[in-house]
Structures are given as structure tokens and as C-alpha cells.
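Q: Fit chain B to the supplied structure of chain A, relying on the hints for placement.
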Amino acid sequence: MGGRVVTVTSGKGGVGKTTTTANLGLALARLDKRVVVIDADIGLRNLDIVMGLENRIVYDLVDVVEGRAKVKQAMIKHKQFPDLYLIPAAQTRDKSAVSPADMVQLCNDLRKEFDFILIDSPAGIERGFRNAMAPADDILIVTNPEVSAVRDADRVIGLIEAENKGPARLILNRVKMDLVRKGDMLSADDVTDILAVKLIGIVPDDEAVVSASNSGTPVTLQDNSRSGQAFRNIARGCAARTYLSCSLMRKAGC
Amino acid sequence: MSNFLGRLFGRSKEESSAQAAKRRLQFVLVHDRINLPPDLMTAMKEEILQVISKYVQVAGESIDIALKPSEGDINLLIAEVPFAKTLSTPRGALEDNDDDDLDA
Chain A
-19 MGGRVVTVTS GKGGVGKTTT TANLGLALAR LDKRVVVIDA DIGLRNLDIV MGLENRIVYD
41 LVDVVEGRAK VKQAMIKHKQ FPDLYLIPAA QTRDKSAVSP ADMVQLCNDL RKEFDFILID
101 SPAGIERGFR NAMAPADDIL IVTNPEVSAV RDADRVIGLI EAENKGPARL ILNRVKMDLV
161 RKGDMLSADD VTDILAVKLI GIVPDDEAVV SASNSGTPVT LQDNSRSGQA FRNIARGCAA
221 RTYLSCSLMR KAGC
Chain B
75 MSNFLGRLFG RSKEESSAQA AKRRLQFVLV HDRINLPPDL MTAMKEEILQ VISKYVQVAG
135 ESIDIALKPS EGDINLLIAE VPFAKTLSTP RGALEDNDDD DLDA
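Each protein sequence line maps, in turn, to chains A and B.
-19 is the number of the first residue of the first sequence in the numbering used here; add one for each residue after it.
75 is the number of the first residue of the second sequence in the numbering used here; add one for each residue after it.
Just so you know, these hints were derived from the structure itself, not from any lab.
Built from N, CA and C at the ideal position, the CB exists for glycine as well.
A hint or two may mislead.
Said to hold, decoys possible - Taking lysine to aspartate or glutamate and the EDC-like style, the derived pairs with C-alpha atoms no more than 16 Å apart in a straight line are:
(1) A:Lys50 with A:Glu93
(2) A:Lys162 with B:Asp106
(3) A:Lys52 with A:Glu106
(4) B:Lys119 with B:Glu135
(5) A:Lys57 with A:Asp74
(6) A:Lys162 with B:Glu135
(7) A:Lys13 with A:Asp95
(8) B:Lys142 with B:Asp106
(9) B:Lys142 with A:Asp89
To be verified - A short list of chain B residues far from chain A (calculated; beta carbon distances all over 10 Å):
(10) Ala92
(11) Leu103
(12) Ala117
(13) Ser127
(14) Ala133
(15) Ile148
(16) Ala153
What the hints assert, rightly or not - In silico contact screen, one side only, chain B against chain A (beta carbon under 7 Å); selected entries:
(17) Ser90
(18) Ser91
(19) Ala94
(20) Lys96
(21) Leu99
(22) His105
Isolated chain A (complex conformation) (with noise of 0.2 Å):
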């Protein structure tokens, strides 16, 4: 069976998936898990970028898919980790260039070499959100804690039961914790008692996301950063493979 493969979907976009992938691909490395990350956001690059290694792309997802490479040739080494890979999305091309059953023969090798597999969904409901999640075995949704984020995930969330890939893990990602406190934003229980499933983590909102955006180290390469620290905690649920719900962490005092 090898390494697993973990999908990061949302069904709204600008919820955060790419910078959840790219920060948990990185925990995951600094755990020293060997990991490739999937760029399956067709035709809108960003997970490259995000990452730090977008000056480094000769072969992409598509060119795999279609033979003009071979697998090692279109995975990038990251700078710091050198366990730690990227397969780059086409720029070019639209979903309609890879098919769920491409990703599932992709990502069957990949499991030979490395211990995880994540994959960064583009937003919507359709082909790419299929090839996204044919070869999934962990499922993970990132949300805001906003009326339509959260909406958009209990649609994912349905789609993932009636295609029996569940159970989905919920990330809530954005909390501002001063407007949970004033009652002006939905607080994580509250999010819970909406979508029927099981938290794993929760990441405050964090300037320093952006920042480490703009410089390509995501955000969980500093220590001190509580998104970071986030990351980090959906990371060890991860490699461990228990997925410890937020509840559980609070009390292992994570």
C-alpha cells in the first residue's frame, strides 16, 4: 500500500486551501516524512509559488499525465527539504487535460517512494474537484468560519458521503478570535454543530500568512507563529494518521 494520500478541498475558493497544503506539506517534511504535494489546480498555478519554487518548473502535472515526462523529472526538489516535492499544475491547459483515473495510476506510484501524497483541489464541485478526490484515502476541507464558506463545505461534504471517500475532516481556517469573543463570528463549536464532522484543526487568522506568502517559507517554518503552530498540530494528527479532533488537542494542550 505504501504512503496515503490526503486531498485538501474546500468548495469555495480563497479559503486557504493552497496555503493549508503547502504548510502541511512542510510540517510533514520537518517531521521527516518523505512528501510530495500535487498542484491539481489546472490552468491557475499558485501552489509553486506559495512554495518558493515557482522559478523551477520545466515539467508539470499535465506533461506527466501525458507522457512527455516521467514522474521524477517533473517533481521539484524543495530548497530546504530535500524529502519534500512539488508537482506543479499546467498553466496552459484547462481541468479537462487530466482524468480521475490519470490521478489514481499518478498517485499509485507515488505511494511506491514517499509516505504522503497531498493534493491541493482547485475551488468548485466539478472536474478537477473529481480528479482531486478519485485518489484520495484522507479527505480534508478547508473553511472560514463565514455563512458562505461554511455552506460551500457541507456541499463538499455531501458530494464526499454520496461518493463514499468520507468521513471528510474539517479545517477551520481565519478564526479571528476577538470577533468570536464579541459574537461577531462563528466560533468552531458553532461550526461543528452546523457541518457533521469531525474538526482537526482550527488556525487563527495570522498576518504572518500573508508575509510568508509574499517571501515563499510558508508560514509553519516559524516557530513562534500560531498559524504556523496550527499547521504543525493538523501535521502530527496527520503523520500519526488519528487525526486528533481540536477537542482532544485542547486537552492534550497542544
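A: Only chain B this time, still in chain A's reference frame:
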């Protein structure tokens, strides 16, 4: 309608925006999950009203109906149907009216 829903979902004047978000989401997700958009809900409401009118005299022209999220796997469809305490027309007359409707 809003009064009925307000009681159903525990709305209060001091509701915070987060509470409002939660209440609204729980309401809309019940509809999303069973794929029953508001227009179909209205159609269902009218049919239910027609059926009930065959047996009792409904007071007013409308009923309140809502899907209520619950803790377990089961959600509730709750209808509030005001009906007259006394029958103003004999049952036979009501049935005759129905027949007339069918003929027309």
C-alpha cells in the same frame, strides 16, 4: 411566518451576528441537503394546504411550514395549520365544492 420561524429557531432580539449566521446556515443547509429549494417548498405548502382543506376548514389562506434541523439523523418537517374551531359550512357542502373545482 417569520414569527413562527422565529419561535422555531429560537430567534431573539439580542441575537449576535454569529448567532444569526448559525441560525441562517442551519436553516438553509436543511434545504440544501434534501435539495428542496424555496420555490418547491412553496409548491409543497400549497398542496398540503389543499389536502388539509379537504378535511378541516383552514383559518386564513396560508399555513406555516418549516424544515427544522435536529441533533440526530432525522430532520423534522413542521407545519402549523390554523383551523376554525367550528365548522361554518357542513362537510357535505365542502365536498360538493371540491367536486365543482374538479369539474371546472
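Q: Please go over all the hints and tell whether each is borne out by the structure.
A: Verification of the supplied hints:
Restraint check for lysine 50 (chain A) and glutamate 93 (chain A): satisfied, since their Cα atoms lie roughly 14 Å apart, inside the 16 Å limit. Simply put, lysine 162 (chain A) and aspartate 106 (chain B) have alpha-carbon atoms about 29 Å apart, too far for the 16 Å limit, and the pair is violated. Restraint check: the Cα-Cα separation between lysine 52 (chain A) and glutamate 106 (chain A) comes to about 28 Å, which exceeds 16 Å; the hinted pair is violated. In summary, the hint linking lysine 119 (chain B) to glutamate 135 (chain B) is supported, as the alpha carbons are separated by about 11 Å, within the 16 Å threshold.
Under the criterion of a C-alpha separation no larger than 16 Å, the hint pairing lysine 57 (chain A) with aspartate 74 (chain A) is inconsistent with the structure, at around 25 Å. Pair hint lysine 162 (chain A) plus glutamate 135 (chain B) does not hold up; C-alpha atoms about 42 Å apart against a cutoff of 16 Å. At roughly 6 Å between alpha-carbon atoms, lysine 13 (chain A) and aspartate 95 (chain A) fall within 16 Å of each other, so this suggested pair holds. Restraint check: the Cα-Cα separation between lysine 142 (chain B) and aspartate 106 (chain B) comes to about 13 Å, which is no more than 16 Å; the hinted pair holds.
Between lysine 142 (chain B) and aspartate 89 (chain A) the CA atoms are separated by roughly 47 Å; this puts the pair beyond 16 Å, and the hint is violated. Against chain A, the non-interface label of alanine 92 (chain B) is violated: not every CB pair exceeds 10 Å, the least being about 5 Å. For leucine 103 (chain B), the shortest C-beta to C-beta distance to chain A comes to about 5 Å, within the 10 Å cut-off, and the non-interface label is violated. With a least beta-carbon separation of about 23 Å from chain A, alanine 117 (chain B) lies farther than 10 Å from that chain, consistent with its non-interface assignment.
Every C-beta of chain A lies more than 10 Å from that of serine 127 (chain B), the closest at about 36 Å, which supports listing it as non-interface. For alanine 133 (chain B), the condition that its CB be more than 10 Å from all CB atoms of chain A holds, with the nearest at approximately 36 Å. A cut-off of 10 Å between C-beta atoms confirms that isoleucine 148 (chain B) is not in contact with chain A; the least separation is 13 Å. The claim that alanine 153 (chain B) is not at the interface with chain A holds, since no C-beta of that chain comes within 10 Å of its own (minimum 24 Å).
The beta carbon of serine 90 (chain B) comes within 3 Å of a beta carbon in chain A, closer than 7 Å, and the hint placing it at the interface holds. Given hint, serine 91 (chain B) at the interface with chain A, holds; its Cβ is 5 Å from that chain's nearest Cβ, closer than 7 Å. A least Cβ separation of about 9 Å between alanine 94 (chain B) and chain A goes past the 7 Å threshold, and the interface hint is therefore violated. For lysine 96 (chain B), the suggested interface contact is upheld, since its CB lies about 5 Å from the closest CB of chain A, less than 7 Å.
With 7 Å as the threshold, the beta carbon of leucine 99 (chain B) comes within range of chain A, its nearest partner Cβ sitting at about 5 Å, so the hint holds. The restraint placing histidine 105 (chain B) at the interface with chain A is violated, with a minimum CB-CB distance near 11 Å, outside the 7 Å limit.
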